[in-house]
Every structure is written in structure tokens, then in C-alpha cells.
Amino acid sequence: MVPEDTITEDGRKIGGVVMEMKNITLRFGGVVAIKDISFDIRQGEIRAIIGPNGAGKSSMLNVISGFYHPQEGEVWYQGKRRPPMKPFEVAQQGIARTFQNIALFEGMTVLDNVMTGRFRQMKAGLFAQAIWKGSAEAEEMKNREAVEKIIDFLEIQHIRKTPVGRLPYGLKKRVELARALAAEPSILLLDEPMAGMNVEEKEDMSRFILDVNDEFGTTIALIEHDMGVVMDLSDRVVVMDYGRKIGDGTPDEVRTNQDVIDAYLGVAHD
Amino acid sequence: MFYREAGDFKTSYTDDSQTFPIKFDRYRYYVVLIAAFAVIPFLINDYWVNAVLLPFLIYSIAAIGLNILVGYCGQVSLGTGGFMAVGAFAVYKLMTAFPEISIFIHVILAGGITAGVGVLFGLPSLRIKGFYLAVATLAAQFFLVWLFNRVPWFYNYSASGQISAPERSFLGVPITGAQTAPWAAYLFCLVFCVACALIARNLTRGMAGRKWMAIRDMDIAAEIIGVNPLKAKLSAFGVSSFFVGISGALFFAVYLGAVEVGEAFGINKSFLVLFMVIIGGLGSIFGSFAGAAFLVLLPVLLKNTLVGGLGWPTDLAAHLEFMIVGAMIIVFLIAEPHGLAQLWRIAKEKLRLWPFPH
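As given, the protein sequences belong to chains D and L, one line each in that order.
Quick note on numbering: the first sequence equals residues 407 to 676 in our numbering.
Quick note on numbering: the second sequence equals residues 72 to 429 in our numbering.
Isolated chain L, as found in the complex:
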């Protein structure tokens, strides 16, 4: 009824190429933004922030980053955990070395450093494709975790080998450390999350995104129309790692506060983010959010219903979660390879015609 494009005429190409061409979508997007910035911070408590919102926002950034690489450019990567670790250690070194500089800048710089490392580990992609590239990025994962474990300089020679975030504040409000208010941590991550989503959207609707997708769909044809495969692939690795690095930095500094590299950024993390991208939808920004929400909320939901509601033991619920996630991935790969984003798209198509589908 109200979800219509009829009568909403576009008179310029600028109007036609905007992110939400349908008016209803646009307004819904504004409402979500306003709610996220102006309403939620007043409602949330510690539990909501730490159990749901922070992991959701941070994993969303990581998923957007990985989606650019896997979903848009078609280069499979299993190194996400390692790149998140680079972001975390970069921000840790920056925070401890330059305490006077704002943490906001540190997080961005950490993303930049991760982008550099990502480009370096993206070099093999020029020669190898598919599974073989996945294995090459797996090497990055193990090498980076090993490096951060073995070289004491990275964890400032602390006895435990852990890194823990010193207290830092942004605009006078503490963001890291024990003094942080839930809403401050939430807003800080939200700003990064929204900025990353906007940048990703802008890149993917412009020439950069078209080059990536051209490489993904048919690399020979991409080359024949003039796409330099070296530049396209490495820029995808760079941009993707930038986002992943930011998410790693936030994951360590704002969310966990203290991190042991093998535990927090192991191969499991790489798979988790990859599953988010696959379940959410390859090649879709919305899908990155949907996948992150799904995999963050599912354990919380299961725990609350099974342990809290039915009184099951915690370990049983945890095992059930593994089984459900595993089954979901198989189901999605078979039934809907384009993930939740595609389901959303189909729902919107249907809604457009509702209630008169003929």
C-alpha cells in the first residue's frame, strides 16, 4: 500500500542513483539513524551494551570489511581474525606510545596500518584464486597470531603476554577502561559503524565497486575492458582490511578491554565473520548487518530461552548453538546463497505489489 515507487519520479541521475531510491526506504533509514543516535543511548544498560549492541556494531564493521573482499571482489579470505589482531595491536601500541593523541585518531590509524598489512597479504591473490587463496590467507591468520604472541615488543613486554587498554577519553568522556559509561562506548562504536557503512556503500556504488565486481564476476573480461587486476584486488584487500582493522581496534579497546591474542583473534574469529557474511548475504552492505545481528543475537536468544526459560544447563545450550549455526550455514548455502539480504529483497519485492499482486 504505502510501499510504492509509483508516482515517485526521478528527474535526475543523482536521484536515480541514491542509496534508497524508494521514499519509504529513505524515511525508514532516517528513523533508524535517529533512533540509534538519539533514543537508544538513553534506554540502554550495561547488559544490553555488552551482550548485544557492542558486539553487533563491531562485528558489523568486520563483516562489511570482509564482504567487500569476499562478496564484492570475490577473493576468499580466512585471515579476518589475524587482521583484527593487527588492528587491536596497532591501536594498543598507538595508545601507549602517544597517550596525548585522541583515541578517535588512533582507531583510524589502526585501520590504516591494517590496510597496509592487508595489501601485503593480498599480494598472493594476483597469482592464486579460490581455495588456494583461502589457504594463503589462512597462513596470514596463523602467522599474525604467532607474531603477536612471540614478539614481546607488541605487548609492551607485559608478563602475561596480554594487552589491556589504558583509560582514554574522547571529548572528555571516557571511552576505554573501567570508567566507561555504556552509552559512551555504544555511541563511539556507532559513529564508526555508520561511517564505515556509508564509505562502503559509496565505494561499492561507484567505479571502485564496479571494478571489484568485474573482477569477481569474470576477471578476464575485467582486464579486457581496462581494469588493472593488480590495483583492483589490492585496493579491495586494503579497504577491506581497513574496516577489519577498525573493528579489531574497537573490539579490543572498547569492548573487551584486555585481550589474549590467540583466544580473541584465533581462526574461530575468521570463521565467525565469514559465516556472518555468508548468512547475511555476499555482496550486500545490509547483509553484513543482518549476518552480524543474526550471529550475535542467536546465542543470546538461545541462552535466555534455554538456560533462563527452560532451565537447561549452560553447556548444553552452548552445544546446541553450535549445531544450530552449523545447520543454518548449510541451509543457507543450499537454499539461499545470497543470504538474509536476498530474503529481505524478496520481501520488499512482494511488499511493493501488495495487496494486489497481479
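Bound-form chain D, shown alone:
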């Protein structure tokens, strides 16, 4: 069953299913990290995955981005079943992500970092690049222009030529988002984009996430601990606990779900 296109309250269009996880089970030896979880991600929506520590959220994201291969279950992407893939093949299919603890290239400048995100658009061979003049240069300049737009969008123009290693934490997070965006992904995975930020930085980041979704129509799946942020940003929320799915639906539905309340507040054992 394909859900019809829906229009959200703020006028964004949410299309059909882009990615569907079907009965995913992931085990590490005897430890079951994810147990029989199914959910879908629809075109243009902001989908949040929440849950207490150790619930299996990050493992779920790693399954999507190809780091882990689930023992059972299927990943369906753009209407096709996805065979087990290496992370770089997943990236080449248009799934970009950021990490909980920043994974930038510290020795490179911000511009170079964001430019690495453009690998999908840059095809010049080694020989063309060695000669530089001609096709390689033209391609470089074309992509530079696209990257500059993203740099502009995320307001990091002033640090363009700064090596990433010298930047403060909040800016690094933003650069990482820029790099993921530069790939023009069809799904953007954000692993705790607001971890370790102060209120102002969180507000900035939330604004950027909403803007990205609004402006480029990028589908976003994010993991976040800050409940307020999740409830405000996302269209639909998956709640996990101990590797199982205990809730799925709009923020309002999830908020009133008894299982979710129990998982977060704890429940009295008689």
C-alpha cells in the first residue's frame, strides 16, 4: 500500500515511501541490538528515531548506511530491495549522513571538506585531473559553485579557508551538515545533530534542519535526545526501547502513548 501524497499544516508536500525497513533484526553475537523492527520513511518528511540510551537507534542508522548488515529483514530503497552493500556504495546511492561524534577531515579546509561531499557529481578521471586545464577544471568550478551555495545557506562563508581542526564544536557540526548536503542526498541521516550544543546553537541547528527540508525538499531521518526539539521538528517519530519498536506516529500520538511514557519515565514494578 502506498500512502497518498499529503500536505502538512505548514504547506510542505510529503510523498510516497522512499525507504522501508522490513522486520530488521540485528545481533552482535548473543546481544540483540535490534529486534524485528519495521518502519518507513516518506519523501520529504522529517522522521525522528528516539529512545533511551542503548535502545538501538544508532545501530538502526548504521544499518541504513551500510555499516551493519542485519541478520534478518530487508531494506527497501526507492521501491527496490537493497542487497547488502558497503557504506560507500550506499553513499553513492544518495544516502548521506552525519555522525554523533563529528567525523570531519581535520587536516582539510572547510571548503575542501564540503567539496568531498560532491564525489557523486565529479567524474573526471585521474588523467584529466593531472592535466587540470579543460574538463577537470570546468567540473571543479561548476561544483564549487554548488558548494558555495550550501556554504552560503549554512552561513559558514567566513571560515571557508580555515582548516576544520581549528573550528569550535558547533561550527564543526554545521560543516558536517554542509558536507552531507553537498552530496544532494535523497535521504539525509543525522545522528544526534544537537548533541553537546547550548540552547542557541540548538536553535540555529533546528532552523537549518527545517530550512534544508523546506528549501531542498530533502528527506531527513534524525536521532535526537532533546525531546522538545524532536517533537517540534519531526513529522513522524519512531520510538525504540531495548531494540524493539514501542511507538510510531506523529509527535502527538507518541506523546500520549503509554508504552513510550513508561519507557521514558520508568514504570513501577509490583
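Because the hints were derived from the structure by calculation, they are not lab data.
No experiment lies behind these values; they were computed from the predicted model shown.
Think of the CB as a built atom: it goes at the ideal place given N, C-alpha and C, for glycine as much as any other residue.
Here are some of the chain L residues that sit facing chain D, going by a computed Cβ distance under 7 Å:
1. D288
2. A292
3. E294
4. G297
Calculated cross-link-like contacts (lysine-lysine; reagent style DSS-like; alpha-carbon spacing at most 27 Å):
5. K567(D) <-> K421(L)
6. K492(D) <-> K302(L)
7. K94(L) <-> K539(D)
8. K81(L) <-> K555(D)
9. K302(L) <-> K539(D)
10. K81(L) <-> K548(D)
11. K548(D) <-> K94(L)
Following the hints, put chain L in place on chain D, whose structure we already have.
Relative to the frame of chain D, chain L by itself:
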């Protein structure tokens, strides 16, 4: 004063991404090029070419090659000597088998063959990292030298086991053999050196270089944004070995003329080139030149001052050289891991603000 970027506005991304964005740097670079091609050939004699310029140019090429692998892609290699030997033997076999083809093409082909061998020995890098990879490339070093010693086909069954370059000329000018004029050998190597530096620069400022640096800085993140680690690492090994092979070919054919493999391309050579890269600066083309210049000039300088000036015995000066180079490496590793290139960069930063640093 004159070293300024103020007022030098870039209006296109092409301008912004050129090699020398500051006007003064650009002009200095042109002056150096003109001097190297049009002035130096008229001034030099045999001593200058053989003691200073040829080793400097040839080691620069090797250092650029190794810098691509170690400095840009982060894959430690101790096999440089072995790969230089591949270049030398490849050019020797080509020169003797196809005497009618230009030596210029032979040197390039030797680089290509070395690139192939480099890719082969780069395969372990997909599984192992760091020290373990260094040991794996060490195996390449010993295996290649052993191979060229033991298989007579490589040295054309000569009785001594040595290879010696037959006389070949390029555009009617002898390049190898006893008839070579100093300026001809110099210019021949200079052309290769400049071409290699340009290619290295172009590769490292484009997508290939970014992929290598991504692998160096964080291989998991590189993979997640879509860099195929297999292709990136092997291309680094290939390009690096191409340069190293060219330098080996020139080292044998143009510089030494006759070579015994264990002596010329032993493990010492691998370390020497690695030291050049470390002292010069990892991840910098300029650093490769600086490191090569430093380690080529230092012995000459010491010899001239200590033996020539102070009248010390030669062996004492030679031992002192070892100690100084060793101390330099330790000092650089501790105080300035980015090498001479970083010192140069800092000097330029300071110069930019001079004389009003506030």
C-alpha cells in the same frame, strides 16, 4: 609591504583556486622557473650538476611521489628504494630492448611499470594500516632488491650483476653515457621534475587529492561520503610509484650511469626519501622540494666547510652528518611535525602583516 593580498580581488572561482593566489608568489614562481630553465644551464659546471642539482631534482621527484602516498593519503611506505629500483631496471630493459625509441618515452614508461608494481604492493593497504603497512612495504623493498639481484634476465646476464646505461640521446643531444654535457642532463631532469610537480599539484588540489586526504584524516568518514577506499588507496599507490619510478629511472640512467641494485636502491634509500618528506613537510609539494634540497645540500655543505674549510678528516665529517641528520629528524618530529613547509608558511603569514603586525 609588497607581500599583500589586499587589493588583489578574485572575481572567479578559477582565480581563487589557482596554485599561487597571491600575486607576489606567482611572480616569484615565474622568476624561479625562468632562472631554472634559461639562466642556470649557462652557469653550471660538472661539479654543480653532479653534486647538487641532479640529486636535488631526482630526489625531489621521489619525495613528491612518496609525499603523495604518506603525506596526502596517509599510507606509510618504506618501499621507496625498491620502487626506484623497479624504475631503474624498467628503463634499463627498455633502453636495451628498444634502442630506437626515445629515452624520454622510456622514462615515462618506466614510471608506468613502477606504478603497476606499486599498485600490486599497495594491495595489503586495504587490510592493514600504520606500522603494519610499513612492514608490508618493507617486504616489497627487500623482495624487489632480491629479485633484481637474483634473476639475471633483469641485468641482461652481465657478469658483474650491475646495470649500466647505454648512450642515448634526446633531440640529438646525448642524455646518458659518458658524452653527456652537464646542462643536458640537468635540463632533462628539470623537465621531468617540473612536470611531476605540476601533475602532483593538480591532482592534490582536485577531487583525487581530496579523496586521498579524506582517507588519511578519517577513513570511515571517507567511506560514508562515498569514497571507495580500494580505488583511493590504490590510485595513491599508483601515482606515487609512478613518480618514484621516474626518479629511479633518472637516478640510474642520467645521474649514476651504472648501478648495483643493493647498493643504490637499498633500504637506506627508502629511509632517505622518507626523511626528506618528514623534514620537508608531510602533505606539501613545496615541502618535498625543501626536504630534498635540505638533505642533498647538507652533506655538500658539511663536507665543504669541515673538510675543505677546517681540514677535518672525511670520515669524521661523514659521521657528523649522520648525527646532524638524526638530530634534525628528532627535532622536527617534536617541534614541527609539518616540517620546513610549515616554517615557510608561518614566515609567509608573518610577512603578510609586516611591518604592521597589529
